[in-house]
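Model the full structure from these sequences, guided by the hints.
Here's the letter readout for the chains.
2 protein chains.
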Amino acid sequence: MAVYTTIADDELAAFMSRYDIGQVISLAGIAEGVENSNFLLRTDRNNYILTLYEKRTNAADLPFFMGLMDHLSAHGIHCPAPITDKSGQILQQVAGRPGALFSFLNGVTAHQPNVVKCRQLGGILAQMHQATADFTMKRDNALGPQGWQPLLDSIDDSQTDLPAGLKSEAHAVLQDILADWPEGLPETVIHADLFPNNVMFIGDKLTGVIDFYFACHDITAYDLAICLNSWCFEADGSFNVTKSAALLAGYDAVRPLQSDEIAALPILCRGAAMRFFLTRFYDWINTPKDAFVKPHDPMEYWSKLRFHLRATSAASYGYWS
Amino acid sequence: MAVYTTIADDELAAFMSRYDIGQVISLAGIAEGVENSNFLLRTDRNNYILTLYEKRTNAADLPFFMGLMDHLSAHGIHCPAPITDKSGQILQQVAGRPGALFSFLNGVTAHQPNVVKCRQLGGILAQMHQATADFTMKRDNALGPQGWQPLLDSIDDSQTDLPAGLKSEAHAVLQDILADWPEGLPETVIHADLFPNNVMFIGDKLTGVIDFYFACHDITAYDLAICLNSWCFEADGSFNVTKSAALLAGYDAVRPLQSDEIAALPILCRGAAMRFFLTRFYDWINTPKDAFVKPHDPMEYWSKLRFHLRATSAASYGYWS
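One line per chain: the protein sequences are V and B, in this order. Counting from 1 along the first sequence, just add 1103 to a position and that's the residue number in my numbering. Counting from 1 along the second sequence, just add 1103 to a position and that's the residue number in my numbering.
Treat the hints as calculated values from the structure; they're not laboratory data. Do not rely on the hints blindly, as some may be mistaken.
Stretches of chain V that chain B covers, calculated by requiring three or more beta carbons in the stretch to come under 8 Å of a beta carbon on chain B [stated by the list, open to error]:
hint, segment
1, 1119-1132
2, 1211-1219
Heads up, incomplete: computed chain V residues facing chain B, CB under 10 Å, no partners named [said to hold, decoys possible]:
hint, residue
3, 1109
4, 1111
5, 1112
6, 1140
7, 1141
8, 1142
9, 1150
10, 1303
11, 1306
12, 1310
Cβ pair distances, simulated, as ranges [said to hold, decoys possible]:
hint, chain 1, residue 1, chain 2, residue 2, range
13, B, 1120, V, 1308, 11 to 21 Å
14, V, 1262, B, 1147, 50 to 60 Å
15, V, 1386, B, 1416, 54 to 64 Å
16, B, 1162, V, 1282, 51 to 61 Å
17, V, 1239, B, 1214, 36 to 46 Å
18, V, 1338, B, 1120, 19 to 29 Å
19, B, 1344, V, 1113, 18 to 28 Å
20, B, 1148, V, 1278, 53 to 63 Å
21, B, 1214, V, 1189, 18 to 28 Å
22, B, 1147, V, 1215, 19 to 29 Å
23, B, 1337, V, 1201, 24 to 34 Å
24, V, 1239, B, 1162, 54 to 64 Å
25, V, 1239, B, 1263, 49 to 59 Å
We put the CB at the ideal spot given by N, CA and C, even for glycine.
Structure below.
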């Protein structure tokens, strides 16, 4: 949740003069995302999202993100579509920051996605993977396997309230994951952060996908592993195989999984759990105790990782071919 | 800026089932107000604001606030109108908190209100004062003159970065203000916090007033003094008498000021500046240095107070009768 920047009257007027989108009737900072400032901008013609990029977003990555959302929108994926100004520009300077205007997506994020929603998630994920096949811009995954060991090494757990020995245990598990990490699997642009709070629904109908600011090139099926982690565990930590079966079936119906991708699901799920465990472990220790945004509990993903260590094949996730 | 509480899917569904307002197509937490959590709720029929009251709002005051907004709406004042559920109830329990649904007001708040806006502000303020004449619920002003000395006494300035001697100087000025505080002036319900961020405009046209959570009974013209403080000083601390003249003329045209109210404007302005100086002084010292919401600079209102100490009559504010 955020809105770090406010927009002064004259800055808003200058911004609006660059577009042909009607007169402002409402501007509200909205509490979505912790990385950027987002505003719901209503004009007498339509609803829009105005995003200002705060320091945590690397400005050099913005053309990739804009290009990706534009590409996906053009391929029929419902996501925020960047809107060009009268001169054809997408990126703007607003209140001293890079900013961009996007189409507004109807829908509500699901905190507790059900089986019907999981099936649709699989479908849209496969559509996104297919739609990016001819997207030519590139971005490396800064939080991919190469980054995990340095991230773990950088964590000072000498004064943590987390279980003793967690870091050394994580080190051992990480060695196994990196040793087993698959090679030669299909790669595409992946969303890389498709948690339930980034997918919109009206009732049970999926209406769109948001927040592409972790998108990058990596193993296609790794994106699926991230979703299996974030959509298919219940609040009590149990794994709901009906949900994962629906997610995989929804995906497979659009983009049939290859046999090597299917075989790699357990290791990819371990890697995905490790990636979110590591960033949460780091944030847990490095976030000031009285910060407004509370860090997520890393033990949630440690528990998920332990489930995946016991998974022997894709059948553990309800995939039966 | 806030949104402290999130609404789970089943809680939203339960809430919606109590109303006859259509199907949800969007729910976004918005960054308005620091006291409560506000959500922009869009259905296939209309836009609404859903407010959840956090701990800082006294639940015992909610019936007064709801009643006031309902009363003002019924009298043609554009403000959030509380919406009743199918059984006629306004106050609900949502996510474990008291909450209420309101009509959505178009408009954008003005950070730098101009003369045209100041004139309209005067008009709507007078309309509100007239409209509450037959409103029968009561609420004392917890931040009125009786509260100023105890508030100042409670401030520990031993380790502040503010000018040395500020507290003792404030004490002396406060004694004078309390000694001169007027008696016998007309009293009504006042908004008591009608800063520019609580008034909406489309272009230069005033479209509504929000945030009634400081509303109370007090001296009617004291509300005007609060507006003179918050609308008529420029960013550099200078007083814009063209704006104040427009504000007073806009007010006077709707509800003609009595001679005793006119004469009391300087002392009322001193009191209003003191009230906001004191709460900011307190917050400046008592807000943790790394808090997400930064406290306002109390010296802004100390500087305004010094202007009012030099004002000798209503003519200093551009009121010429």
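Status of the hints after comparison with the structure:
{"no.": "1", "hint": "1119-1132", "verdict": "holds (count 7)"}
{"no.": "2", "hint": "1211-1219", "verdict": "holds (count 4)"}
{"no.": "3", "hint": "1109", "verdict": "holds (7 Å)"}
{"no.": "4", "hint": "1111", "verdict": "holds (5 Å)"}
{"no.": "5", "hint": "1112", "verdict": "holds (5 Å)"}
{"no.": "6", "hint": "1140", "verdict": "holds (9 Å)"}
{"no.": "7", "hint": "1141", "verdict": "holds (9 Å)"}
{"no.": "8", "hint": "1142", "verdict": "holds (9 Å)"}
{"no.": "9", "hint": "1150", "verdict": "holds (8 Å)"}
{"no.": "10", "hint": "1303", "verdict": "holds (8 Å)"}
{"no.": "11", "hint": "1306", "verdict": "holds (7 Å)"}
{"no.": "12", "hint": "1310", "verdict": "holds (8 Å)"}
{"no.": "13", "hint": "B:1120 with V:1308: 11 to 21 Å", "verdict": "holds (19 Å)"}
{"no.": "14", "hint": "V:1262 with B:1147: 50 to 60 Å", "verdict": "holds (52 Å)"}
{"no.": "15", "hint": "V:1386 with B:1416: 54 to 64 Å", "verdict": "holds (59 Å)"}
{"no.": "16", "hint": "B:1162 with V:1282: 51 to 61 Å", "verdict": "holds (58 Å)"}
{"no.": "17", "hint": "V:1239 with B:1214: 36 to 46 Å", "verdict": "holds (42 Å)"}
{"no.": "18", "hint": "V:1338 with B:1120: 19 to 29 Å", "verdict": "holds (23 Å)"}
{"no.": "19", "hint": "B:1344 with V:1113: 18 to 28 Å", "verdict": "holds (22 Å)"}
{"no.": "20", "hint": "B:1148 with V:1278: 53 to 63 Å", "verdict": "holds (57 Å)"}
{"no.": "21", "hint": "B:1214 with V:1189: 18 to 28 Å", "verdict": "holds (25 Å)"}
{"no.": "22", "hint": "B:1147 with V:1215: 19 to 29 Å", "verdict": "holds (23 Å)"}
{"no.": "23", "hint": "B:1337 with V:1201: 24 to 34 Å", "verdict": "holds (30 Å)"}
{"no.": "24", "hint": "V:1239 with B:1162: 54 to 64 Å", "verdict": "holds (57 Å)"}
{"no.": "25", "hint": "V:1239 with B:1263: 49 to 59 Å", "verdict": "holds (58 Å)"}
In summary, this structure violates none of the numbered hints.
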